[in-house]
Amino acid sequence: MNSDFSLFTGITDMQCPACPECHFEFTYVDRGIHICPECAHEWDNGKPEEDNEANVVRDANGNILTDGDTITIIKDLKVKGSSSSLKIGTRVKGIRLVEGDHNIDCRIEGFGSMKLKSEFVRKN
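In the numbering used here, the protein residues as written are 1492 to 1615.
Think of the hints as simulated: they come from the structure by calculation, not from any bench.
In this text the structure is predicted, and so the values were computed from the model without any measurement.
Honestly, I wouldn't trust all of these hints.
Cross-link-like lysine to aspartate or glutamate pairs, in silico, DMTMM-like; alpha carbons within 20 Å at most [what the hints assert, rightly or not]:
id : residue 1 : residue 2
1  : K1578     : E1590
2  : K1578     : D1567
3  : K1571     : D1592
4  : K1608     : D1550
5  : K1571     : D1558
6  : K1569     : D1592
7  : K1566     : D1535
Required output: the full structure, derived from the provided sequences and hints.
Written out as structure tokens, the structure reads:
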């Protein structure tokens, strides 16, 4: 390996890890980011790869939810600022998944737009 390269980057070829996507051995570093020339995957070794399972939204039964799904409410839910509540069996069509603890954004007839927790619904 060229000694100028290792002086510039501080990394020798023995320290470059294999690509986590395609497991190609001959990766390189550019501006502190590891790059795989085989699949063009880029990653920073200082930060762990995001776990895809952490971003998955699951219903009360463990089924994976996606945008546009139809769900059913499995528990009576009190609605803040309203005297009525959402009843068991209420179906909601066309959900949108959002970040946060109330990770389902939807529109419910008679109530309007609302956010729900995925633990109180099941996928149809």
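Verification of the supplied hints:
no. : hint             : result
1   : K1578 with E1590 : violated, 25 Å
2   : K1578 with D1567 : holds, 5 Å
3   : K1571 with D1592 : holds, 16 Å
4   : K1608 with D1550 : holds, 9 Å
5   : K1571 with D1558 : violated, 25 Å
6   : K1569 with D1592 : holds, 17 Å
7   : K1566 with D1535 : violated, 43 Å
In summary, the structure is inconsistent with hints 1, 5, 7 from the numbered list given earlier, while agreeing with the others.
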